[in-house]
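Undergrad: Protein chains in written order, with my numbering: chain A, 8 to 334; chain B, 8 to 334.
Hints listed in this document are in silico derivations from the structure and should not be mistaken for laboratory results.
Only true hints are included.
Copies of the same chain look alike in the list, so a pair counts if it works inside one copy or between any two.
Okay, derived cross-link-like pairs now, DSBU-like style, lysine-lysine, Cα gap no bigger than 35 Å in a straight line: (1) Lys239 x Lys286; (2) Lys172 x Lys286; (3) Lys56 x Lys286; (4) Lys101 x Lys286; (5) Lys195 x Lys325; (6) Lys286 x Lys144; (7) Lys172 x Lys202; (8) Lys295 x Lys101; (9) Lys286 x Lys84; (10) Lys56 x Lys101; (11) Lys131 x Lys295; (12) Lys131 x Lys325.
Protein chains: 2
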Amino acid sequence: MPQAAERLDNHPEIFSNEILIDVIALQPTATAFSRIKTECGGDVEKMKKEFMNIVQHAGKFQCPVTRSGGILIGRIKEIGSDLADHTEAKVGDKIATLVSLSLTPLKIYSIEDISLETEQVFVKAEAILFESGIYAKLPSDLDENISLALMDVAGAPAQVAANVKTGDTVVVIGAGKAGILSLAEAKKRVAPSGKVICMEYDGQQCKTVRKLGIADHVIQANAQSPVEAFGKYNKVMNGKLADFTVNTVNVPDTELTTILTTKNEGLIYFFSMSTNFVKASLGAEGIKKYTRMMIGNGYYPNHTEIAFSIVRNHQKVKNYFAAKYTK
Amino acid sequence: MPQAAERLDNHPEIFSNEILIDVIALQPTATAFSRIKTECGGDVEKMKKEFMNIVQHAGKFQCPVTRSGGILIGRIKEIGSDLADHTEAKVGDKIATLVSLSLTPLKIYSIEDISLETEQVFVKAEAILFESGIYAKLPSDLDENISLALMDVAGAPAQVAANVKTGDTVVVIGAGKAGILSLAEAKKRVAPSGKVICMEYDGQQCKTVRKLGIADHVIQANAQSPVEAFGKYNKVMNGKLADFTVNTVNVPDTELTTILTTKNEGLIYFFSMSTNFVKASLGAEGIKKYTRMMIGNGYYPNHTEIAFSIVRNHQKVKNYFAAKYTK
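Using the sequences and the accompanying hints, generate a full structural model.
TA: The following block contains the structure:
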C-alpha cells in the first residue's frame, strides 16, 4: 500500500492503466505546510529545499513528521492505453487530485515559487495517478481557489444530498466550509416543511450563517459542553431531535452533543477527523442511544459536482466563498 | 456527566427515578483488573485494599490509571416510586448492569473475596442505577458466567439481526465471542441462499468455527495484511463482496481489509474498540470506496435477549460457551 511505503518509485513513465500529470502546483495540507513553514522560520528558500528533500527522498510528498500529504493541481499529459476508452479525461485537462499526495508518485524537476498566502508550492514536476486514484476536472466557470476549497470538503454535502429528504430535521454542527455547504444543501432538501439547525461556536460566524439564509435556527453554542449545548438546542427545538446530524467541527470532544441532538432512528455523519471512535461508541452506549453513527469519508460518487453545484446555484454562498478564497 | 466526574455522591439513598442494588460482585474490565493485579503482584489482600481505596475515594469504581470501569452483578433492593409503574424489574431480581461502573455510584461496606480466575470482586455493597442506566435481568436458564460473557458483546449480534436479510453475503472478521455470536445469527438470517464468511487469524479457532457449522467459508488470514487477506477472500468468493461486514478483531490496523471485502452499497459495522476513525476514513477514501461505515455501540434495544436467544437455540454454540466460560 503506497501510503505506508517509505519510498515510492517515481520514474515518470506510466503503465497502461495510469495517467501522467504535468504538475502546476502542490497544495500540501495546512498541517504539513505550517510544520515546514515553522521549521524554516518562514524563509521561502529554506522551504523550497525542504520540500525538494522530502520528495527526492520519498518519491512522493508526505510530511515525515505529521505523515500528511495534500493534493496537487496539474494538466493531463498522457493517458494509459487501457484507460483511454473508459475515462472522460482528455490530454490537456486541468485537474486536481483528490487522493492524498502520500499515495501519489511524484518527480520534481524544480521548485519555482512558494506562496505563503495560498500555501501552494509551484513546481516543474510530473506525477502518476493510478487507475483507482481519483481526480476532478477543475470547472472553467469557477475560480481555481474556490474550486479547491470546495473539493477539499465535498464529502460532507454529498452525504446530505444522499440522506436528507423533505420534512427532515437536520442539524449541522460547525459552520466552516464543510458546514456552510452542508447547510445550503440541507435547506434545499428538507423544503418545504423540514428544518435546518446550525450549531456554531463563533458569534461572527453565526451572523454570517443567518445572513446567508441557509438555516432556520442558528444556535451559538460550544459543542464541547454537551449539557449546555443540548439545553440551548432543546429550548429552540422543544425536544424535537434530528433525523440527520453532520458534525464538521475540527476540535475534539463534540461527540456527545452530536449524539444528544439526534433521534434513535436518525443518522449521524461524523465528517470531522477529530472524531474519537471510542468516545462516540461509549458515549452513545452510556446514554442508551442506538442512533446509527457513520464514519466520514472524503469520497462519494460525483461529490465534487455536488459541491460545485451548490455554489453555482446559491449566489450568497458563492459570494461568501469568493470573498474568502479568491486571492 | 458522571463518567468525567472525579468523585460521585454514593450515599445509598435513591431518588424516585432511581434503583437501589444490593451488589453481589463487581466484574471490572480485563484492563482494569489486570492493572491492579499486576500492581499488587497478584496478592489478593493488597488488591482488596486497592479496590477499597479507589471506591472510597471516587464513590464509584473506575481505575484511575486506565479510566475503565466494568459492570456489576446484584439484586434489586428498591425501585423508586416514579419508576415502579414503568419498569418490568421487581425487587429481588438478579441483574447485571450494562452501563460502565465509571457511571455508577457505589458504596462498599466490605470486600469478601477476589477470584483471580473469573476476575470478580465479591463485595457487600450498594449501588444506584439512574433511570437512564441500563441493566439486564440474568436469565434463570443460563449459567451466570455464560450470561455475563454474552452480555459483554451483545451489541454485535444485535446489529446482525437488525441489518442482515435472506440472500446476503456476510463477512465476520474475528471469531472471538462477538464473532461467534455474529456468525451464528448471520447464518440463520442469510438462509437459504446467502453466504456467511468467517475470517480469523488463529488456526485452532478456525477449526472450532468449522465444527460449529456457523460459516459457509472459514478463511484463515491476518486482517492486518490487507493485500494478502483480501487475496485469500477473493480466491474463495471469486470477487463477490459483502453486503454486511462486522469487524470484531481487538487489534489495530484491520480497517482496510474490512473495507476491501465490502461492497460500495454494503454496510460495515466496526464493533472493535481498536478501530481508528482516521484510518477507516482515509483508508476508504484512498481506494475510492463509499461503503457506509458505522461506529459500533454496545447498546441496541433488547440486545441481551438477542444474544441469549442465540445460545438457547444453537446447542453447539451453547456447548462452546459452556466449555469456555463455566468455571
